[in-house]
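2 protein chains.
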Amino acid sequence: MPEYPVPEIADVALEGVLKALGDPTRLAIVRMLADGQARPKAEVWDAFATSKATCAHHFKTLREAGLVTYEVHGRTHDIRLRKIELDERFPGLLGAVTGAPADA
Amino acid sequence: MPEYPVPEIADVALEGVLKALGDPTRLAIVRMLADGQARPKAEVWDAFATSKATCAHHFKTLREAGLVTYEVHGRTHDIRLRKIELDERFPGLLGAVTGAPADA
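Chains as they are written, first to last, in the working numbering: chain C, 92 to 195; chain F, 92 to 195.
There are no misleading hints in this set.
Subject to a maximum C-alpha distance of 25 Å in a straight line, what follows is the list of computed DMTMM-like cross-link-like pairs (lysine to aspartate or glutamate):
1. Lys132/F / Glu106/C
2. Lys151/C / Glu162/C
3. Lys132/F / Glu162/F
4. Lys143/C / Asp169/C
5. Lys143/F / Asp126/F
6. Lys151/C / Asp114/F
7. Lys151/C / Glu106/F
8. Lys151/C / Asp114/C
9. Lys151/C / Asp102/C
10. Lys151/F / Asp114/C
11. Lys143/F / Glu106/C
12. Lys132/C / Glu106/F
13. Lys132/C / Asp178/C
14. Lys151/F / Asp169/F
15. Lys151/F / Glu106/C
16. Lys143/C / Glu106/F
17. Lys151/C / Glu134/C
By construction, these hints were calculated from the structure, which means they are not laboratory data.
Go ahead and model the full structure; you've got the sequences and the hints to work with.
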């Protein structure tokens, strides 16, 4: 059992994804990660005028909804949008909400 | 002041739309209305195994989020997805969540 489990992409429900995206901070986080590159969590939460605890809660909500995954490198935790998987499962969705084309 | 006000499309926020769509029944209602045709409300709620009151609440949530509008014809109330306006404001979004292309 991984420390930070993510649902299999086939088990990710569209309504859960939409609900997770239906918050201004979470939508902004997803837009920040829209290129699909992993970023240190600290870099992401530094971009938002919110507490680390609040941001950690948003990360967890996004992870449990199937939108992001974490990559643990020693003491550094990166966060990454599951762009390739999500584009395949829900064609056009990420592009529509982040303004980035699916094949960018 | 109309009886059932809807926000101007320019004031409709993406996160509000996503939040409204982040519920299985509301997502199913929007899919049922995906062709942009007005339908009697009664026809829509008949399709769901839920109470009229619950469905009325979902209609209101969708209306206030900017997704649908009502058309009152005497005692018949129709509900219509604001497809053309939404496709213009959030290109690709409705297609991604309903599975219908924007120009269908």
